[in-house]
Amino acid sequence: MKNIALLTLFLLCSILTFSQTYEGMCESRFKFGFNLGANYSDLKSIELLPTDASISNGGGFNFGVLMDYSISPDFIFSPKLELAFYNSSVDFINLDNSIYSYEIFPISLNIMTHFDYKIGSGNIEPYVFAGPNIKLPLSKSPPISTQYGNNSDIAIDFGIGFQNKTKHFILSPELKYSYGLTNINRNPELQTLKFNTITFSLAFSGVTFSK
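The sequence shown runs 83 to 293 under this note's numbering.
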């Protein structure tokens, strides 16, 4: 898992470095940047859990790179690539009162395709956004057969943001809810688990150029 995380971080940094160079060399409707954020997991079981099991949700963090393409002055295509660390599990109490935790997406690569629509104008421009989010678990296979991994997830993201244009960059705080659509469970003691998250992030992007 450590090697995968380092490789992903290297790729994110490489993409960001290239995008900044490209943006300074040519004028286009593109702008590039990166984001940092904090998340809170909202894991839910569709069926009743076993009597010895309970869900635990907590906070995590995420970071990544982004690209914005202005289709029109108010409509933006915004793909993102993020590395996310979540804090969520189903905890089982054993007969000896010890606890076994089935971890949910401890580390995930999130591939998002968002569409932003501006709903205001001025120095601070509010916008709403929505789009699909593919979450790929990056954890290693469990070392023993009594531990289980997670299935990949497809989610729908929606939220609100505010684009604040400063002298040197664009700062965009965003609040996002990600609604999981698929069953991410691989533990035979459980049935259907849906993974939802709430994320607050700050996006930093370059100056927008137009042809």
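Hints may contain errors.
Simulated pairs of lysine to any residue, SDA-like, Cα-Cα distance not exceeding 20 Å [claimed, not checked]:
1. Lys247 <-> Tyr209
2. Lys276 <-> Ile153
3. Lys276 <-> Asp173
4. Lys247 <-> Ile193
5. Lys200 <-> Gly241
6. Lys126 <-> Ser234
7. Lys200 <-> Leu257
8. Lys276 <-> Pro208
9. Lys276 <-> Ser138
10. Lys247 <-> Phe211
11. Lys126 <-> Ile238
12. Lys200 <-> Ile242
13. Lys200 <-> Thr264
14. Lys276 <-> Leu263
15. Lys276 <-> Leu125
16. Lys276 <-> Ile193
17. Lys276 <-> Gly213
18. Lys126 <-> Glu271
19. Lys126 <-> Gly231
20. Lys249 <-> Gly288
21. Lys276 <-> Ile128
22. Lys276 <-> Ser203
23. Lys126 <-> Phe211
24. Lys126 <-> Lys247
25. Lys200 <-> Tyr259
26. Lys247 <-> Ser203
27. Lys200 <-> Phe114
28. Lys126 <-> Ile236
29. Lys200 <-> Lys276
30. Lys247 <-> Ile153
31. Lys126 <-> Arg111
32. Lys200 <-> Asp173
Per label pair, the in silico range of CB-to-CB distance [stated by the list, open to error]:
33. Ala212 <-> Asn176: 36 to 46 Å
34. Val210 <-> Phe286: 30 to 40 Å
35. Ser154 <-> Glu129: 40 to 50 Å
36. Ile201 <-> Tyr151: 17 to 27 Å
37. Tyr230 <-> Ser154: 45 to 55 Å
38. Tyr261 <-> Ser138: 18 to 28 Å
39. Phe159 <-> Asn205: 49 to 59 Å
40. Tyr182 <-> Ser203: 28 to 38 Å
If you're looking for bench data, these hints aren't it; they were derived computationally from the structure. Each residue gets a CB set at the ideal place from its N, CA and C atoms; glycine is no exception.
- [ ] Given the hint that Lys200 pairs with Lys276, test it: the Cα-Cα distance must not exceed 20 Å.
- [x] violated, 30 Å
Open item on the list: Against the 20 Å threshold, does the CA-CA distance of Lys247 and Ile153 hold or violate the hint?
Closed with: Status holds; Cα separation ~19 Å.
Open item on the list: Assuming the hint says 17 to 27 Å, is it satisfied by the Cβ distance from Ile201 to Tyr151 or not?
Closed with: holds, 19 Å
Open item on the list: Check the hint pairing Lys276 with Gly213 against an upper bound of 20 Å on the C-alpha distance.
Closed with: holds, 18 Å
Task: Pair hint Lys247 and Tyr209, alpha-carbon separation not exceeding 20 Å - done: holds, 14 Å
TODO: For the pair we were handed, Lys200 and Gly241, check the Cα-Cα distance against 20 Å.
DONE: holds, 12 Å
Open item on the list: Hinted pair, alpha-carbon criterion (20 Å max): Lys247, Phe211. Please report holds or violated.
Closed with: holds, 18 Å
Open item on the list: For a C-alpha distance cap of 20 Å, please report whether Lys126 and Gly231 respect it.
Closed with: holds, 17 Å
Open item on the list: Between the alpha carbons of Lys276 and Leu263, is the straight-line distance 20 Å or under?
Closed with: holds, 7 Å
Task: Given hint Ile193 paired with Lys276 - CA-CA distance at most 20 Å - done: Answer holds: Lys276 to Ile193 is near 18 Å, not above 20 Å.
TODO: Take a quick look at whether Lys126 and Ser234 sit within 20 Å of each other, Cα to Cα.
DONE: Holds: Lys126 and Ser234 sit about 16 Å apart, inside 20 Å.
TODO: Given the hint that Lys200 pairs with Phe114, test it: the Cα-Cα distance must not exceed 20 Å.
DONE: Holds, at roughly 18 Å.
In summary, the numbered hints that this structure violates are 2, 4, 8, 13, 22, 23, 24, 29, 31, 32, 34, 39, 40.
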